[in-house]
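Protein chains: 2
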Amino acid sequence: MRGKEVESLWEEVREVSLGNSVDRLHSRPTPIQFLRDFVSQNKPCIISNAISHWPGLSLWPAPSYLSTALSSSLVSLHLTPDGYADALVPHPLHPSLCFVSAHVQPTPFPQALNLICQPPNHLVAYLQQQNDCFRTEYRELESDCDGHIPWASEALGCLPEAVNLWIGNHLSQTSFHKDHYENLYAVVSGEKHFLLLPPTDVHRMYIREYPAARYSYSEESGEFRLELEEPVRYVPWSSVNPYPATGNEEQERSKFPLYFNGPKPFEVTVKAGEVLYLPSMWFHHVRQRPGDGGYTIAVNYWYDMQFDIKYAYFNFLQSLPYQSTDDPTIPESEWNLRNLRDHENCCLPST
Amino acid sequence: MRGKEVESLWEEVREVSLGNSVDRLHSRPTPIQFLRDFVSQNKPCIISNAISHWPGLSLWPAPSYLSTALSSSLVSLHLTPDGYADALVPHPLHPSLCFVSAHVQPTPFPQALNLICQPPNHLVAYLQQQNDCFRTEYRELESDCDGHIPWASEALGCLPEAVNLWIGNHLSQTSFHKDHYENLYAVVSGEKHFLLLPPTDVHRMYIREYPAARYSYSEESGEFRLELEEPVRYVPWSSVNPYPATGNEEQERSKFPLYFNGPKPFEVTVKAGEVLYLPSMWFHHVRQRPGDGGYTIAVNYWYDMQFDIKYAYFNFLQSLPYQSTDDPTIPESEWNLRNLRDHENCCLPST
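Sequence lines, in order, name chains F and H. Residue numbering for the first sequence follows the working numbering, beginning at 1 and increasing consecutively. Residue numbering for the second sequence follows the working numbering, beginning at 1001 and increasing consecutively.
Check before you lean on any hint, since a few could be wrong.
Below, a list of computed lysine-lysine pairs in the DSBU-like style, where the Cα atoms sit at most 35 Å apart [what the hints assert, rightly or not]:
#, chain 1, residue 1, chain 2, residue 2
1, H, K1271, F, K4
2, F, K264, H, K1264
3, H, K1255, H, K1004
4, F, K4, H, K1255
5, F, K255, H, K1255
6, H, K1255, F, K264
7, F, K4, F, K264
What the simulated footprint calls covered on chain F by chain H, stretch by stretch (three residues with Cβ under 8 Å from a Cβ of chain H suffice, anywhere in the stretch; the number is not a length) [as the list claims (entries may be wrong)]:
#, region
8, 9-16
9, 141-150
10, 299-305
Calculated directly from the structure, the hints in this document are not laboratory data. A quick note: this is a predicted structure, and the numbers were derived from the prediction, not measured. Even for Gly, the Cβ is constructed at its ideal location relative to N, Cα and C.
Start from the sequences and build out the full structure, keeping to the hints where you can.
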C-alpha cells in the first residue's frame, strides 16, 4: 500500500465526521443521543455540567477531606523517577528503548497524597492503579460520586467493567496508547490535557514492540533500578513522544514524520466538572494541571466495547504496511515488524 | 495490497461481529437496542411481528382491494423484456456490457397490477419507482400501514427520507448494489429473497464502470429497444450475477473468483409480516416469490445514514487495488480502473 490512500483516510474521517475540534455538550445527553451521535460514530465529545450533583466535586479538592476519609486505606502508589510510567525509556543493556512500568508500592493514603502534593526531588508519585481501584481501594469515597454514568450505561447496555481513580501532579504524563474500552473520563479537580488521534491514524503512532521492564524503587537508597522482565516479553507501544525535550525536536520530527507532519491531534482540556467521552481504540496522550489542593483528581469508567465492523476495519488497516509516497524505495516491510492482529497484541490494562 | 490482508478482513468481520446468519428478533426492538446492536455495528437483522398491526397485512394480498383503492391512480410502471432492470446487459454496439434501466410507463394502477399478475410473454412489469412513491403515487394506501417505523425513527433521530412501494412477480430481480441509506424493508405479501454481503467485501463485487442505457418500449410493436444515454454516462456497478444461467456457471466462476470462492453471502428470506434491517452500504441482491394474490408487495423506508468513521474506512478499502495472493503477477491496477472516491460515484436512487 502506498501512503497516498491512507493519508486520504486521515483526511476523510476528519472531513466527513470529526471536524476540527471535539464537540462540546452543555448538559448530559440522552442515552440515544449519546449512542447515535458519538458511540456509534466512534467520535469523542466533552460534556459540561454532567457531574454537578457529585458531592466529590466540592469535597475532593481539599486534601484534608481525602486524608480523613481514607485515613486507614492502603493504596497502590505508582513511583517513577520522572513521571513517565508505561512509557519508553533507554534500555539498560542495548542502545535501544524498553517499555517501563512503575514501581507499585502499597502506601497509606495520607502519605501517598503528601508525596503527590509535595513531590521530593528524586521521585514522582501517581495514584493510577487501573484495576477497578475505585471500587476496591477507595470504596470509602463511593458515596461522593456516581458508581456509573447513568446515560452511558443505558446507551451501552451494561455497567462499567472497571472504575478507576487517578490522583497525580503536573509531573505525571501518560504516553500515547489506546484502550479496548469505551471510556467516560470525569475530572473532579484540576485539569487533564488530552491529545487525541482516531484509530484511522494508527500508522502515525509508529507502534513497535519493546521489551517490558519495571522500575524497582529502594526506599533505603532512594534510587530506582530498571529491571527487564524475564523471560522477555514484548509490548507493542507507540514510539511517538509528542513533546520532545528542547533540542530534540528536529530529531524526533525526522524519526516520526507521519505524526509530526500529518493532521494535528485533537487537543482537549477537560476541566473539573467535565466529562470526556474517549471512544474505544482512540490513541490518547495525557498531561495534567493540579487544582487548588495541589493535585489533579479524576474518575474514569471503562465500559466494554463492541467488537464490530469498525474493529475489523481497524485490524485490517493496521495489518497494512505503510509505504511512503515520497520515497517508494523504502521496503513495505519497514513499518511492519510483525504482522500481528490487533487483539493478539493489544495492551489491555492490568486487571 | 496483497489479497491476504483483505481476505482476513472478510473473515474477521464475520468472526467478531456477523456470525454465520442474520439475527432474528421475535418482536420489535427498543430504539436503543436497535441502535446499539445493529445500526451502530452496521449489522443486519430480521424482525418478526413488527407490523402485525398494519391493516395492509390482511388487505393488500387481495388484488381487488388494491385495484379498488387505487382505481384512479396513475403509477410509474417499470417494463423490461426479462425482469432485469438496473442490471448489466450486452452493449448494443460493442462486445461488452452496459447498465440498463427500465422503460417507465405511467399506467393506471389496475392495468399495471394485471400485467404483474398475468405476465405476457414479451415483457415483465414491476412497480418499483424509488422516489418516495408510496407518499405520492400510492397515497390512497397510507392509512393501511405506518408512515415510518417508530422505533427506527427514534433510534436514527429522523423520519424516513423516502418511502417506496414495490409490487412485482417472480420474474423481477434486483442485481447486486448498495444504497447510501439505512433501510427498513417490510414485506406485506409474498416473500423477498436477499443475498447480503457486508461493505468489507467490496472487492468481491467487481464494481466496474458501465455506460448507462435505457429500455424504450413500443406498445405498438411490443418490442424493446436499448438506447445508450447521450452524452455517455458511466455507472459503477457490480459485475457479479450470483445466479448465472445454466451452462454459464464455470465461466462466471472463473471471471469472479473472489465472489464465488469467498465466504458465502448471507441468504435471507423475508416473509410477509417481517421487516429486514438492511444496513447502509451493504451489497444486496433481491429476488421474490409472490403471495396468494399473485404478487409480492413490500414497503421500504430509507433513512439518512451517518457519514462516519465506517464510511471513511469503506472508501479507504475501496480505494485499494486488490492483488491476488495466488497470482502476484497481476498488476495492482487491474482491479481498479479508476481510483474514485465512493461518494463521487455512488449510485444514488433517482429522486
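Here's how the hints hold up against the structure:
no., hint, verdict
1, H:K1271 - F:K4, "violated (46 Å)"
2, F:K264 - H:K1264, "violated (42 Å)"
3, H:K1255 - H:K1004, "holds (19 Å)"
4, F:K4 - H:K1255, "holds (29 Å)"
5, F:K255 - H:K1255, "violated (45 Å)"
6, H:K1255 - F:K264, "violated (44 Å)"
7, F:K4 - F:K264, "holds (18 Å)"
8, 9-16, "holds (count 4)"
9, 141-150, "violated (count 0)"
10, 299-305, "violated (count 0)"
Consistency with the previously given hints fails for numbers 1, 2, 5, 6, 9, 10, ordered from lowest to highest.
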